[in-house]
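Engineer: Which chain is which? The protein sequence lines are A and B, in order.
The letter at position 201 of the first sequence is residue 201 when you use full-length UniProt numbering, and the numbering goes up by one with no holes.
The letter at position 99 of the second sequence is residue 99 when you use full-length UniProt numbering, and the numbering goes up by one with no holes.
Calculated directly from the structure, the hints in this document are not laboratory data.
Ideal Cβ positions, reconstructed from N, Cα and C, are used throughout, including at glycine.
Accuracy of the hints is not assured; some may be wrong.
One side only, chain B facing chain A, incomplete, derived with CB under 10 Å [unchecked claim]:
hint	residue
1	22
2	23
3	28
4	87
5	89
6	98
7	100
8	101
9	117
Far from chain B, some chain A residues (derived; all Cβ distances over 10 Å) [unchecked claim]:
hint	residue
10	24
11	42
12	50
13	54
14	59
15	71
16	82
17	111
18	149
19	164
20	227
21	240
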Amino acid sequence: MTASTDQRTLVIVPAWNEQANIASTVREIRSATPDFDVVVIDDGSTDHTAREARDAGATVLQLPFNLGVGGAMRTGFRYAERHDYDRAIQVDADGQHDPADILRVLDGLEEADISIGARFAERGEYTVRGPRRWAMVLLAFVLSRIARTKLTDVTSGFRAANRRAIRQYVAYYPAEYLGDTIDSLVAAVHNGLTVTQVPVEMRQRRHGKPSQRPIGAMVYLFRSVFALVFAVMRQPVAPREETL
Amino acid sequence: MIFVITAMTVLFIAAVVLMLLRRQLQEKYAVLWIVVGVAMLVLEVSPPLLGWLASVAGVQVPSNLLFFLGITLLLGVSLHLSWELSRAEDEIRRVAEEVTLLRAEMERITPDVAPTDADDV
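Between the sequences and the hints, there should be enough to build the whole structure, so can you do that?
Structural biologist: Right, dumping it as structure tokens:
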């Protein structure tokens, strides 16, 4: 919490049918970080996510249909770029990410372009087992090598970006499953951006089922490997030349 | 029998041309189908041609050459369609993002544009 507070910061909350959680998440974010603007990207919800978010004091961007987290986030980064924000941070709508950690994750931007709030990083008691665990370990290992820094939780959605990273994300942020976390990160690193991670605790979702189904764990492992292999082999997409 | 097949081929070509005239099919796709239709027509009009082609290609049963060519073509076409679809999805996504940002700007600058899922009055 150094000089970082005089930078304009945008909190991006992608939300899809989260009417039960979104209001409290937005209020928590606004009370934890009153100086930051909060924008909720309503990813084609069929419930009252947009209304709840608006009433809680967030700016709401409504996608015409569901694009997935990647599409929602790229919209958020575009918004950040056009409104000239210095930094943007993604916070999930379901309350898993503790708004009290926002400043901590943002502080990671002092030393890198992208800062990831990571589970398993000494804090918290978040446990995963089986194939899903292997997938996370494998992803963490490979991405640590690529990014040349120790990363333990590369699929975490709790991540912050500085101006440079925002520009990179606007240029390349896949909407496909796992592309939003893995492929976008690999492309950013290939374009010379730096990554760091900050330990945070994850909380339980307040309402609704968590997205981890044990049956899908094996499929998750397979898709992770698939996404990773192609992410690494692809030609990186660089942001446009600065024209301002 | 060959007459029926030839008639179907002519209908096929006619359908492609009709869709072209109605602007329901882009020329880049239509060209391929017209070429395929004409090739079929040629084979149907002179059946010995297929036998000759098969012997040149070293295929013992002429119909197998036809199946091989047909399957290869369909495979290629479906791959091409997947490619086009991926591109189209990317473009749709890009447009959806842009519309979202513009709509938010409109809601901000004019009270005439009410957001969807607004409060019940």
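Engineer: It remains to establish, for every hint, whether it holds in the given structure.
Structural biologist: Okay, the hints, checked on the actual structure:
1. 22: Violated, about 29 Å.
2. 23: violated (26 Å)
3. 28: Residue 28/B check fails; min Cβ-Cβ to chain A is 25 Å, beyond 10 Å.
4. 87: violated (14 Å)
5. 89: Holds: closest Cβ of chain A sits about 8 Å from residue 89/B, inside 10 Å.
6. 98: Nearest chain A Cβ about 8 Å off; hint holds.
7. 100: Where the cut-off is 10 Å and the nearest Cβ of chain A is about 5 Å from residue 100/B, the hint holds.
8. 101: holds (6 Å)
9. 117: Holds, because the Cβ-Cβ distance from residue 117/B to chain A comes to roughly 4 Å (cut-off 10 Å).
10. 24: holds (18 Å)
11. 42: violated (8 Å)
12. 50: With a cut-off of 10 Å, residue 50/A comes too close to chain B, as the shortest Cβ separation is near 4 Å.
13. 54: Since the minimum Cβ distance to chain B is about 7 Å, residue 54/A lies within 10 Å and the statement is violated.
14. 59: Check fails; 7 Å does not lie beyond 10 Å.
15. 71: violated (5 Å)
16. 82: violated (7 Å)
17. 111: holds (30 Å)
18. 149: Given a closest Cβ separation of 30 Å, the condition holds.
19. 164: holds (20 Å)
20. 227: At about 15 Å from chain B, residue 227/A clears the 10 Å cut-off, so the statement holds.
21. 240: holds (14 Å)
The structure fails hints 1, 2, 3, 4, 11, 12, 13, 14, 15, 16 (numbered hints given earlier, in ascending order).
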